[in-house]
Amino acid sequence: MPDKLIVSTSPHILGCDLTPKVMWSVIGALIPAAIASVIIFGMPSVKIMAVAVFTCVACEALIQKLTGRAVTIHDGSAALTGLLLAFNLSSNVPFWIPLVGGIFAIALVKHAFGGLGANVFNPALAARAFLLASWPTHMTAFTRPFAADAVTSATPLMMFKEGKVGTLVEMGISYWDLFLGRRGGCLGEVCIIALVCGAAYLLWKRYIWWQTPFSFILTTGSLCWIFGARGYFQGDFLFSILSGGLILGAFFMATDYVTTPLAHTGQVFFGVGCGVLTFLIRKFGGYPEGVSYSILIMNAFVPLIDRYVKPKIYGTAKAVKG
Amino acid sequence: MDFARIMTIAVSMIFINNFILSKFLGLCPFLGVSKETKPAVSMGLAVIFVMTCSAVITWSIYNYLLIPFGITYLRTITFILVIAAFVQLIEMVIRKFSLALYRSLGIYLPLITTNCAVLGVTILNVDDFFIQGKPIPGSFFFATLQAFFAGVGFLLALIIMSGIRERLELTDVPPSMQGIPIAFIVASLMSLAFMGFSGFKF
Amino acid sequence: MKRLLHEFTKGITIENPTFGLILGLCPTLAVSTSLGNAIGMGAAATFVLVCSNTIVSSVRRIIPDRIRLPAFIVIIATFVTMCELIMKAYAPALDVSLGIFVPLIVVNCIIMARAEAFACKHGVGASILDGLGMGVGFTLGLCVIASVREILGAGSIAGKQLIPGFQPATVLILAPGALATLGLLIALSNLMKSKKSTCRACRKGGCG
Numbered sequence: 001m002p003d004k005l006i007v008s009t010s011p012h013i014l015g016c017d018l019t020p021k022v023m024w025s026v027i028g029a030l031i032p033a034a035i036a037s038v039i040i041f042g043m044p045s046v047k048i049m050a051v052a053v054f055t056c057v058a059c060e061a062l063i064q065k066l067t068g069r070a071v072t073i074h075d076g077s078a079a080l081t082g083l084l085l086a087f088n089l090s091s092n093v094p095f096w097i098p099l100v101g102g103i104f105a106i107a108l109v110k111h112a113f114g115g116l117g118a119n120v121f122n123p124a125l126a127a128r129a130f131l132l133a134s135w136p137t138h139m140t141a142f143t144r145p146f147a148a149d150a151v152t153s154a155t156p157l158m159m160f161k162e163g164k165v166g167t168l169v170e171m172g173i174s175y176w177d178l179f180l181g182r183r184g185g186c187l188g189e190v191c192i193i194a195l196v197c198g199a200a201y202l203l204w205k206r207y208i209w210w211q212t213p214f215s216f217i218l219t220t221g222s223l224c225w226i227f228g229a230r231g232y233f234q235g236d237f238l239f240s241i242l243s244g245g246l247i248l249g250a251f252f253m254a255t256d257y258v259t260t261p262l263a264h265t266g267q268v269f270f271g272v273g274c275g276v277l278t279f280l281i282r283k284f285g286g287y288p289e290g291v292s293y294s295i296l297i298m299n300a301f302v303p304l305i306d307r308y309v310k311p312k313i314y315g316t317a318k319a320v321k322g
Numbered sequence: 001m002d003f004a005r006i007m008t009i010a011v012s013m014i015f016i017n018n019f020i021l022s023k024f025l026g027l028c029p030f031l032g033v034s035k036e037t038k039p040a041v042s043m044g045l046a047v048i049f050v051m052t053c054s055a056v057i058t059w060s061i062y063n064y065l066l067i068p069f070g071i072t073y074l075r076t077i078t079f080i081l082v083i084a085a086f087v088q089l090i091e092m093v094i095r096k097f098s099l100a101l102y103r104s105l106g107i108y109l110p111l112i113t114t115n116c117a118v119l120g121v122t123i124l125n126v127d128d129f130f131i132q133g134k135p136i137p138g139s140f141f142f143a144t145l146q147a148f149f150a151g152v153g154f155l156l157a158l159i160i161m162s163g164i165r166e167r168l169e170l171t172d173v174p175p176s177m178q179g180i181p182i183a184f185i186v187a188s189l190m191s192l193a194f195m196g197f198s199g200f201k202f
Numbered sequence: 001m002k003r004l005l006h007e008f009t010k011g012i013t014i015e016n017p018t019f020g021l022i023l024g025l026c027p028t029l030a031v032s033t034s035l036g037n038a039i040g041m042g043a044a045a046t047f048v049l050v051c052s053n054t055i056v057s058s059v060r061r062i063i064p065d066r067i068r069l070p071a072f073i074v075i076i077a078t079f080v081t082m083c084e085l086i087m088k089a090y091a092p093a094l095d096v097s098l099g100i101f102v103p104l105i106v107v108n109c110i111i112m113a114r115a116e117a118f119a120c121k122h123g124v125g126a127s128i129l130d131g132l133g134m135g136v137g138f139t140l141g142l143c144v145i146a147s148v149r150e151i152l153g154a155g156s157i158a159g160k161q162l163i164p165g166f167q168p169a170t171v172l173i174l175a176p177g178a179l180a181t182l183g184l185l186i187a188l189s190n191l192m193k194s195k196k197s198t199c200r201a202c203r204k205g206g207c208g
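Residue numbers (the working numbering), protein chains in the order written: chain L, 1 to 322; chain A, 1 to 202; chain F, 1 to 208.
Some clues are possibly wrong.
Under the rule of at most 20 Å between Cα atoms (straight-line distance), these lysine to any residue pairs were calculated in the SDA-like manner [said to hold, decoys possible]:
(1) K196(F) / Q178(A)
(2) K161(L) / F202(A)
(3) K201(A) / T8(A)
Since the hints were derived computationally from the structure, they do not count as laboratory data.
Take these sequences, add in the hints, and give me the full structure.
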């Protein structure tokens, strides 16, 4: 008698054609940010995105062919990983950084675990952590935006971490600069307005839910506001939200179906956890930005969150007592 | 008591210098017991208990016996024998007083004796909190604290690992990666994630 | 004679501590950052292994069964202390780089496992060869991992710089790199073992 029970991990998406639809929609939602990165950082941005996406797709195709499995690069998941990886890199990294990162993300973080749906950690972020640990000098050199020459400059969070400047005025930028992307940083994280447009589209289409991103962003912002550098309740809420990779991470990486909780309550836990960790790393840790690490650490807890916070089964109601 | 110093030791032992993910002490029981959550929690609690008590006993022996007699080079033999004897004693006591506790916790105790982690933390205490044969101020307190948090870090790594491995049972891991290799890859990625805590200063 | 030789070679090939028996992982990961460390640790562990196997085997009929394990611990710990003191005197640089893992040789699963599983049941000659084989196998395993990590992670081998201009991946020298390297190498050895067994099965039963 054949197995009637199929046990698998998330995402339990109904309809086999839904995965490509979601993946390509997310890629579509990231196009505005991609265009923005080309405007802000120039041709290097195109080079990095191309290498990253190509490496991820080619690597996945190669692995699937070699292991005799069906080649599924058309579902867009490898391309999405590549794009997100590129968004986490600075514009002046040599071409082999996204190349090695892409191979690491697809071969080790995704396929060593069993492929789509099986990975525990977010491939793009894990690759970023791997690259940062391997070639720290390349990964922490950021260029001035809109500069024809590759002049290195510090990002707002780096300046904040060093403690030499505390407010936006001292850094010489305004909230608008942060929102539009007129500041140093990784390719995909700087242009907030482009990211927000894409995220709004995904939320409207219900491809992502608001629980994780909002709990993540609110927690980070509130903690940074409460424990401000100059005293309690004197932190800069807007600055902490708009700087660094928070918007990119909260809307596009903390909402990944595979590596984040299923239940909405679990998603709130996840978001709050990420927020607390991001705040702690930004305030006390050695790195200026904590978004990637906080998501990776919370990824490790997701199997436990999923076990103890079960999603509400559609159609059932609580038993009436008495 | 210096709160910042305590927090630094805690964060250091639990996250930055996590015994399993960063110092590689205690890997054998980690791989063996981390397949399911319940035994993992039991093992972790047993380790915290043994580590803390061993730290107390070995610190006292080092300070009041080995140093005065000038036989500090015998610390390896002394420490391991003390740990083995202590664990044996505890196992007998638990077995006698609470069979339920013995069944849930006691069977892991012998596994802990020949575990790098317990001996490791006692030697680490001696290296960190004694300078040229003299204990630094607060040495006993910090040594106990360090051992306790090292155990907590061990428990944390075990819990996370067991949750992940239970989930990996359901996925299609390639045959040559199944079992130990994928566990190492998971540990490697966890270790990478924990690197986010490096440079922590309170 | 062939049987005795087998006691030696099995520790290097089929029952290799690192890739076959999966024992002694803690020092394997920690000291395989460079080839020099690997050889040093391997030598120290082999010394303790051979000595402890010899003594355990010699006194196996005298030790009562109940105090077997504590007795092994005392024997092993004595040799580890000897090793510690010799190293501190004649190879202080190695002692510093191996750090806490020199005294931790006493809880190295390999040594205890061989005392328990082999030395207390076999004669002195066989035990010595077993210890030697396991020690050499362990050292070889350490060296393989150390070479990979040092070449890719520091661009050097045994301290000598290799290709200039090659930018090594520092993560391999750190903890995550160690874990991943060991995991991948064990997976590779699993793959080779399964390929070997399928070939053997094919040859026996004939492929269809």
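Agreement of K201(A) and T8(A) with the hint, judged by alpha carbon distance not exceeding 20 Å: holds, 7 Å
Hint consistency between K161(L) and F202(A) [alpha-carbon to alpha-carbon, up to 20 Å]: holds, 14 Å
Holds or violated: K196(F) to Q178(A), with C-alpha atoms at most 20 Å apart: With Cα atoms ~18 Å apart, K196(F) and Q178(A) stay inside 20 Å; holds.
When held up to the earlier numbered hints, the structure conflicts with none and fits them all.
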